[in-house]
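> Got chain E sorted already, so can you dock chain G onto it with the hints?
Here is what each chain is made of, one letter per residue.
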Amino acid sequence: MTASMPAPERHPRVLVFSTNAISDMGIDLAGSAHMNYPVGVEVIAVPCSGGINPRWIVHAIDAGFDGVFVAADGPECSYLSDCVARTAHVVDRAQALLRERGQDPARVKTAAICSVCSEPFVHHMVQFTKALEGLGAHPTALPAVAAGTA
Amino acid sequence: MTGRRIGVVVCQCGGNISDYVDTERVRAAVAKEGDVVAAHVEMFACSDAAQQNAIQEIREKKLDGIVVCSCSPKLHTATFRAMAERAGLNPYEYTQVNIREQDSWAHTHDREGATRKAIQLARSGVAKTALSEPLTPTRVETTPQAVVVGAGIAGLRAALSLSDLGISVHLVEKAEAPGGQVVRWGRIFPNDKVGRTLVDGLVAEVRRRENIQLYTSTELVEKKGRLGAFEVTLKTAAGATIPLKVGAIVVATGFEPYTPAPGEFGYGLEGVLTLPEFKELVAAHPGPLVYHGREVRTVAYIYCVGSRDASSGSPRTYCSRYCCSATSHIATVVQGLDPSVHQFHLFRDIRTYGRYEALYDRALRGGSVFLRYSEEAPPTVRAENGSLVLNVRDQLLAGEDVELRPDLVVLVTGMVPRSNEGLVKALKLPLGQDGFFHEVHVKLRPVETVVDGVFIVGTAQGPKNVAESVASALAGVSKAGALLLKGYVDLDPLVARVDPALCVYCDECTKACPYGAIDRVQYGDREVAEVNGVLCKGEGACVPACPKEAVSLRGYSNEQITSMIDALVKEVA
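Those sequence lines, one after another, are chains E and G. The first sequence lines up with residues 2 to 151 when you count with our numbering. The second sequence lines up with residues 8 to 580 when you count with our numbering.
Simulated from the structure, these hints should not be mistaken for laboratory data. Please note that a few of the clues may not be correct.
[To be verified] Partial pick of chain G residues on the chain E-facing surface, computed with a CB cut under 7 Å:
#1 Ser79
#2 His83
#3 Glu108
#4 Trp112
#5 Gly120
#6 Lys435
#7 Val457
#8 Asp459
#9 Leu492
#10 Gly540
#11 Leu542
#12 Lys544
#13 Pro551
#14 Ile568
#15 Met571
[Said to hold, decoys possible] Calculated cross-link-like contacts (lysine-lysine; reagent style BS3-like; alpha-carbon spacing at most 27 Å):
#16 E:Lys110 - G:Lys555
#17 G:Lys486 - G:Lys432
#18 G:Lys435 - E:Lys110
#19 G:Lys435 - G:Lys450
#20 G:Lys252 - G:Lys493
#21 G:Lys435 - G:Lys486
#22 G:Lys200 - G:Lys181
#23 G:Lys39 - G:Lys577
#24 E:Lys131 - G:Lys577
#25 G:Lys555 - G:Lys432
#26 G:Lys435 - G:Lys518
#27 G:Lys577 - E:Lys110
Yeah, the Cβ is synthetic: ideal placement off N, Cα and C, and Gly gets one too.
If we strip away everything but chain E, and leave its shape as in the complex, we get:
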């Protein structure tokens, strides 16, 4: 940032894949408790984190999201007893695809978020947003979006 031309403040954009029955509830709970987290975080809910197509993650980064966070079902998944391993595999594949394309695999992160994990979710979002700020804007990054007052 130069003194002559102050650039607008840019918040990293994070796409979260949540799961309908588990992690989306935890994310809802964070909002219900009015726990504020970075406004650049947006959520798409799917049935189960073990069913996420790695290409969606790559597409999100290509489209301009700075990072993708998979809010996984964890061991409580009611569909897949090995959901943790399957989700880890999905994230590994997405990271490998990013690496192949010369993008930083650190733009993808996952953690299990349970249905009452509001505080851990907020913590992850704050930390991940900070980490993404450290990585700098990626080549296809969007201009300042969702630049709010806070």
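Structure of chain G alone, referenced to chain E:
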């Protein structure tokens, strides 16, 4: 643009959204989207009047998709699907966008940011809807049987009422005998009935019913299957397993009384009892109270022990609801046994709500003295020369220090959740921050859980008095009954499908599916995979496995997800 005719409703939620999000700006922005032909703002989109408006708009503007930007889909997906259906629209061409829990409430200090985010989320909902397709739910039969876990007062009542409806009940109790907490309590409010008598009546009736099977010393250890057709396994204390097929599961596992820590308000000293212990003592005395051979002349009650604990990190921030009324009631019972007993009530707030105020009034008129203490200066209890000394700063006497030398100190302990680890694991039910089973919505869906077909009733869901527990049990019965008496259930058709044109039958999806829901079928001159819609759970394990992207989930197709992402990143003016 896809040529669809989509309508958008932006809900203000009476300020819950519009206090933090400029809903008119969201409406105006989304109205410019290619496929959107109608968009309006409602104060409460879920109200009857607002639903009527939406129905009229769907019909008049011949909409083929509707997006409601409001609260979490957990609350109102069913409401708005039904609304769409009433308007003649396929319910699966409706999309709910969460701009409350995941936007307005999460960004309360950033109106501009929250408004922009709402616009992006709304556009993403439109993008998803534009690629939606009309779907028909899969109809499957339900098993007209239910399992009720826990044979306390709520479980017993639930079992009898389900039986009244003609539903066969398996009533499972972990303890050796049914009855739960109430049997030990003697006379209980509001009607002064004896707990044991109440329970014995219910148990006798349960044993008379041919369509109720009572299992004692037995636990539910496993649950498989789905709503309407669960396969559960019971395990007896002797180690025998009993497999059952049931359509619904009612969880009535109750609570545990809070046990104070040693030394908490003198707990552990002779003469310091908890409320349930004191109730048992009173129940055992037909005449004047005697404790350890000594006549009881003075009783001091300390309220809110273990409840309403605001200290950091405490899970017991809640009010246990029943204790103020129960203590006022037991004071009137003690007065009845011996009117000369002195009773002092050290309270923070008296919450004898509704008609239970009459109990407080009776205790007061009967000579009970109420002293108010503050959370910051709680009473202290110590032993001195073999007797108890209690000090309290009475707020109603301008902070005057009062010293009492009671024969008994009763710690009015509240309710804490039962430790039910095995059951929590078997049923995969979420717990709330207080540790009780978590309902979908405390007011709108108080006995339903995120696991369809599993209901939580009584104090398993949170502190309640007996009347409230029974009311909750009957609510669970209504829900389970409505589900099972219909005889069938419509399963979400949001299951996987295979595009046979892309499929080369490599077998990867079959290997990925733990439910055996993928069949091998002939397609022209070659074999392809096909999804069995009844067996498929719709979790999508096959989706990342397919190297050809031939498999996708209905409602979450590759095209839908990527177009939602594209809509989210589109710039906001």
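> Please go over all the hints and tell whether each is borne out by the structure.
How the hints compare with the structure:
1. Using the Cβ-Cβ criterion of 7 Å, the hint placing Ser79 of chain G at the interface with chain E is satisfied: the shortest such distance is roughly 5 Å.
2. Hint status for His83 of chain G: violated, given a least beta-carbon distance of 13 Å to chain E, over 7 Å.
3. Evaluation of the Glu108 of chain G hint against chain E yields a held restraint, the C-beta minimum of about 4 Å falling below 7 Å.
4. Interface hint status for Trp112 of chain G: upheld, as the beta-carbon distance to the closest one in chain E is roughly 4 Å, under 7 Å.
5. Hint status for Gly120 of chain G: holds, given a least beta-carbon distance of 3 Å to chain E, under 7 Å.
6. A cut of 7 Å between beta carbons decides the hint on Lys435 of chain G: the least distance to chain E is about 5 Å, and the hint holds.
7. The beta carbon of Val457 of chain G comes within 5 Å of a beta carbon in chain E, closer than 7 Å, and the hint placing it at the interface holds.
8. Because the beta carbon of Asp459 of chain G sits about 10 Å from the nearest beta carbon in chain E, more than 7 Å, this interface hint is broken.
9. Below 7 Å, beta-carbon pairs count as interface contacts, and Leu492 of chain G has none with chain E, the closest being about 26 Å; its hint is therefore violated.
10. Hint on Gly540 of chain G is violated. Least Cβ distance to chain E is approximately 15 Å, over the 7 Å limit.
11. Residue-level restraint check for Leu542 of chain G is violated (minimum Cβ-Cβ distance to chain E is 13 Å; threshold 7 Å).
12. Given the 7 Å rule on beta carbons, the hint for Lys544 of chain G holds: about 5 Å separates it from the nearest Cβ of chain E.
13. A distance limit of 7 Å between C-beta atoms decides the matter here; for Pro551 of chain G the minimum to chain E is near 5 Å, and the interface restraint holds.
14. Of the supplied interface hints, the one on Ile568 of chain G holds, with its beta-carbon coming within about 5 Å of a beta-carbon of chain E, less than 7 Å.
15. The closest approach between the C-beta of Met571 of chain G and any C-beta of chain E is roughly 6 Å, which is under the 7 Å cut-off, so the hint is satisfied.
16. Only pairs whose Cα atoms come within 27 Å are accepted, and Lys110 of chain E paired with Lys555 of chain G is accepted, the gap being roughly 25 Å.
17. Restraint check for Lys486 of chain G and Lys432 of chain G: satisfied, since their Cα atoms lie roughly 23 Å apart, inside the 27 Å limit.
18. For the suggested pair Lys435 of chain G and Lys110 of chain E, the alpha carbons sit about 25 Å apart, so the restraint of at most 27 Å is met.
19. Distance check on the hinted pair: Lys435 of chain G and Lys450 of chain G sit about 22 Å apart at the alpha-carbon level, within 27 Å; holds.
20. Distance hint between Lys252 of chain G and Lys493 of chain G is fulfilled; the C-alpha atoms sit about 17 Å from each other, no more than 27 Å.
21. Only pairs whose Cα atoms come within 27 Å are accepted, and Lys435 of chain G paired with Lys486 of chain G is accepted, the gap being roughly 19 Å.
22. Note on Lys200 of chain G and Lys181 of chain G: the hinted pairing holds, with a Cα-Cα distance of about 25 Å set against a maximum of 27 Å.
23. Straight-line distance between C-alpha atoms of Lys39 of chain G and Lys577 of chain G comes to about 13 Å, which keeps the hinted pair within the 27 Å bound.
24. Under the criterion of a C-alpha separation no larger than 27 Å, the hint pairing Lys131 of chain E with Lys577 of chain G is consistent with the structure, at around 23 Å.
25. For a cut-off of 27 Å, the pair hint linking Lys555 of chain G to Lys432 of chain G is broken: about 36 Å separates their Cα positions.
26. A C-alpha spacing of about 25 Å is found between Lys435 of chain G and Lys518 of chain G, which places the hinted pair at or below 27 Å, so the restraint holds.
27. At roughly 23 Å between alpha-carbon atoms, Lys577 of chain G and Lys110 of chain E fall within 27 Å of each other, so this suggested pair holds.
The earlier numbered hints that this structure contradicts are 2, 8, 9, 10, 11 and 25.
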